[in-house]
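*Asks:* Residues per chain are reported as follows:
Protein chains: 2
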Amino acid sequence: MYNMTIRLQADSDVCLYEQIYLHIKREIKEGKLLAGERLPSTRSLAEFLQIARSTVDTAYGQLLDEGYIEARPCRGYFVCSIEDMMEVSDEEESQTLQREPLSSISRTEAEEGISMLPGNREGAKRKKFDVDFSPYDIEMQGFPFDTWKRITKKILSEANSDLFARGEPQGDYELRQTLCRYLHSSRGVKCRPEQIIVGAGNDYLLMLLEKILGRHKIVAMENPTYLRSQKIFRSFAYQIKSVDMDEGGMKVDSLEEDGADVVYVMPSHQFPSGTIMPIGRRNELLKWAGKAAGRYIIEDDYDSEFRYHGRPIPALQSSDESGRVIYLGSFSKAIAPAIRVSFMVLPDVLLERYQRDCFFYSCTVSRIDQSILNEFIRDGYFERHLNKMRKIYRAKHAQLLACLEPFRGRFAITGENAGLHLLLTADSATEDWLVGAASDCGVKVYGLSQYRSDQSDVSKTVLLGFGALSGEQIAEGIRRLRVAWNI
Amino acid sequence: MYNMTIRLQADSDVCLYEQIYLHIKREIKEGKLLAGERLPSTRSLAEFLQIARSTVDTAYGQLLDEGYIEARPCRGYFVCSIEDMMEVSDEEESQTLQREPLSSISRTEAEEGISMLPGNREGAKRKKFDVDFSPYDIEMQGFPFDTWKRITKKILSEANSDLFARGEPQGDYELRQTLCRYLHSSRGVKCRPEQIIVGAGNDYLLMLLEKILGRHKIVAMENPTYLRSQKIFRSFAYQIKSVDMDEGGMKVDSLEEDGADVVYVMPSHQFPSGTIMPIGRRNELLKWAGKAAGRYIIEDDYDSEFRYHGRPIPALQSSDESGRVIYLGSFSKAIAPAIRVSFMVLPDVLLERYQRDCFFYSCTVSRIDQSILNEFIRDGYFERHLNKMRKIYRAKHAQLLACLEPFRGRFAITGENAGLHLLLTADSATEDWLVGAASDCGVKVYGLSQYRSDQSDVSKTVLLGFGALSGEQIAEGIRRLRVAWNI
Chain W
1 MYNMTIRLQA DSDVCLYEQI YLHIKREIKE GKLLAGERLP STRSLAEFLQ
51 IARSTVDTAY GQLLDEGYIE ARPCRGYFVC SIEDMMEVSD EEESQTLQRE
101 PLSSISRTEA EEGISMLPGN REGAKRKKFD VDFSPYDIEM QGFPFDTWKR
151 ITKKILSEAN SDLFARGEPQ GDYELRQTLC RYLHSSRGVK CRPEQIIVGA
201 GNDYLLMLLE KILGRHKIVA MENPTYLRSQ KIFRSFAYQI KSVDMDEGGM
251 KVDSLEEDGA DVVYVMPSHQ FPSGTIMPIG RRNELLKWAG KAAGRYIIED
301 DYDSEFRYHG RPIPALQSSD ESGRVIYLGS FSKAIAPAIR VSFMVLPDVL
351 LERYQRDCFF YSCTVSRIDQ SILNEFIRDG YFERHLNKMR KIYRAKHAQL
401 LACLEPFRGR FAITGENAGL HLLLTADSAT EDWLVGAASD CGVKVYGLSQ
451 YRSDQSDVSK TVLLGFGALS GEQIAEGIRR LRVAWNI
Chain C
1 MYNMTIRLQA DSDVCLYEQI YLHIKREIKE GKLLAGERLP STRSLAEFLQ
51 IARSTVDTAY GQLLDEGYIE ARPCRGYFVC SIEDMMEVSD EEESQTLQRE
101 PLSSISRTEA EEGISMLPGN REGAKRKKFD VDFSPYDIEM QGFPFDTWKR
151 ITKKILSEAN SDLFARGEPQ GDYELRQTLC RYLHSSRGVK CRPEQIIVGA
201 GNDYLLMLLE KILGRHKIVA MENPTYLRSQ KIFRSFAYQI KSVDMDEGGM
251 KVDSLEEDGA DVVYVMPSHQ FPSGTIMPIG RRNELLKWAG KAAGRYIIED
301 DYDSEFRYHG RPIPALQSSD ESGRVIYLGS FSKAIAPAIR VSFMVLPDVL
351 LERYQRDCFF YSCTVSRIDQ SILNEFIRDG YFERHLNKMR KIYRAKHAQL
401 LACLEPFRGR FAITGENAGL HLLLTADSAT EDWLVGAASD CGVKVYGLSQ
451 YRSDQSDVSK TVLLGFGALS GEQIAEGIRR LRVAWNI
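Chains W and C are the protein sequences, given in the same order.
Note that this note's numbering has the first sequence beginning at 1, numbered continuously upward.
Note that this note's numbering has the second sequence beginning at 1, numbered continuously upward.
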């Protein structure tokens, strides 16, 4: 491809970089630019259009970010094979699989921190932002490195060869006892250590759960939802039913009609909406599950630790009288993403199936890591760390809300009672415009629509995460957003 | 159940404990003893039969070991629900799943170190042996704890928050580079770091491979083979074809007829037979794979590091010109079972599928563990450790062979050129008798038949592993075997 004629409108509300970005995106979506086709170099396109090269850079950066194009080292930019990215395997194809809309697939890679080209380090080049309101990142400065190191050193110095032997498939009993006590006191979860299965990350535990639950399941998920889990269920060829939410969270009415076997919810703090499911809705959900054999609720309690108003709300599992809730927890948010330790609490019926069908899968977490985590929790360091982080996040949260005061005229703020992000919904501006204008000013905000399985309405909502940002970064980010959005 | 009438024959070749064990086993298999039924206590049965209580203890211990009965705390011994253990899920049931013979299912739990009742710590009670010739265990005294601790300490003291952040899905690039160099120099494996996927154990990597390969595959496995992998393939509802072996390993002729898509082999040192696949057979296998699209060979290179005769044989992957070999490696044998780091090398076609279908699965190994392992290998400690272990194992191996000299008249010794176990095949005695008589003398040896998918011939072969045994234990174990087997 030699060059590209784009009608740029200098007097438009849409800035130049975005006009280029939108033009190319449209051309790809409409099939006018084909997969594998090479784009003009940024230098040549800038010369051709008589604009600054940095403007083209920004447009290409956004397209890279969203997965429409890829950079090949020393060769330039190429249109990605969108079909390939969306294609499911032949066998899955024949089933009634819903497909995610294009924008949601392509964005997620960038936004959940997943590299588009995991094997190709040189290939991925992303736009750098000055302030990134990522809803995924957490504050690592607060991490008690010294304690962690001390415990590690102690464990290793006491270590005998037992610790380097293969452990129990479900995880070390001591750690499961500690988790049991912690879950009971902090989350109201009722379980015995025997019900807990320790694994290296939620993704792995969901894979194991597939083996326990079996095939051909229909999974109801909140809409919007956490896309990583959705992708994982899709990779099992589970059928996804996206269920709309109201202020109480997932609407339970349609579950019967949808024929759902499994419901995946985040009742403590839904991602991304921030909704906290009230007790009435919880009971409705449990009632649905109790109505027929084989119905289960997966409760992903991913960031229940951080609440800013009101009293802690116990886990849904604590109200489950009939053994229908699978409780899923991890330490990615509360300690660090690198601590690859998650766990699930199985109801007895599923525990039996695990013991029958899955007992031969070795535990994926090393005994050393299990021992370190066990001591960290058992000896009170985890509780202390959480208290410290609650204070840190509470301060950031308060600062962000204060900075957002001038926005209140034209934006609604929601999901601000818990967790590490909140949502801004504009009166009039669209999400696309908000994200684009912010990006122009070097600020990354996250459109809500990427987490939705339908694009029926034009989204006017963006997510602002604050977990990893310093006070200065929050102030600077909001200052720039006021410029970008004319506030 | 009050008591049990067993006709014991004092003058039989079969010892008393074994007569009891065989009687109860038969009663369970024939459905005369039902699942959940309580056995008489060892005391009462011993009194009833007028024999020593320890004889009944030994018989029950063996039944426990093999999963026919279970111990419930303070309540006694109960017949296990064998049907439950063998039952596959409803969906799998309808497919053409082969079932493992009873003896193989039930034994493996004990023998591959898998607890029968993973959630029920009190439930499992096993017979203790004075000498256990386990083919699974390794020598942990040789592990360079101090080096490992020093590296860990160094990594943690240099650690910044990056190390606690989420890493690349395939594993840290630095580790993959190091693995690449190591695999090339020591195993002749030809690959780029981009082709390597790091994961927490082989079981997990096989789960990931299921997502890459897709469903409804026919997997050819050597007969006998490593049962953990076979169970895992079964849990995918893959159809297993057990292919007989000759002195060159898996016979390739029947693969076409079997309609196999995937072949799982251990060419460097087959488990459990100890066969090393010669170059001719390797070429036949590669030729088979190259003949049709979608055919792949999984090369499990599980203990290639230890050879006692001849020059190192490169991995099968090194001869693969057409991208059909998936190379699977781990550090369970070479470092320690607790080091939950395995890796696979994907051919390019499968790498593309991984990047398309599985890129969203987070890496299951923490970045800290990856960094420690990376330094351990990169800085030469692994090579040094391997050299040390080779010497240690070579000495044990030589001692075991020397001790076995008096056996040569009535036993054939095979599989003794590599690895951490060898095989003894009796002229006349059966495997059952060999295992039972050894057990009577407090020695555990491992029958070959449990790794076979058919029980057509009566097996006369047992495995003797020596990895974890001291010189004294080897001597004592063999001394007792001579008594047990009248040598």
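Just so you know, not all the hints are guaranteed correct.
What the hints assert, rightly or not - With a straight-line cut-off of 20 Å between C-alpha atoms, the simulated PhoX-like cross-links for lysine-lysine are:
hint	chain 1	residue 1	chain 2	residue 2
1	C	LYS154	W	LYS154
2	C	LYS128	W	LYS211
3	C	LYS154	W	LYS153
4	C	LYS217	W	LYS149
5	C	LYS149	W	LYS153
6	C	LYS217	W	LYS154
7	W	LYS251	W	LYS211
Said to hold, decoys possible - Have a look at the derived ranges for each label pair, beta carbon to beta carbon:
hint	chain 1	residue 1	chain 2	residue 2	range
8	W	TYR173	C	ARG43	28 to 38 Å
9	C	VAL349	W	ARG43	57 to 67 Å
10	W	ARG192	C	LYS128	26 to 36 Å
11	C	SER157	W	ARG192	36 to 46 Å
Treat the hints as calculated values from the structure; they're not laboratory data.
For glycine and all other residues, C-beta sits at the position ideal for the given N, C-alpha and C.
*Asks:* Taking each numbered hint in turn, which are not upheld by the structure, reported in ascending numerical order?
*Replies:* 2, 4, 6, 7 and 9
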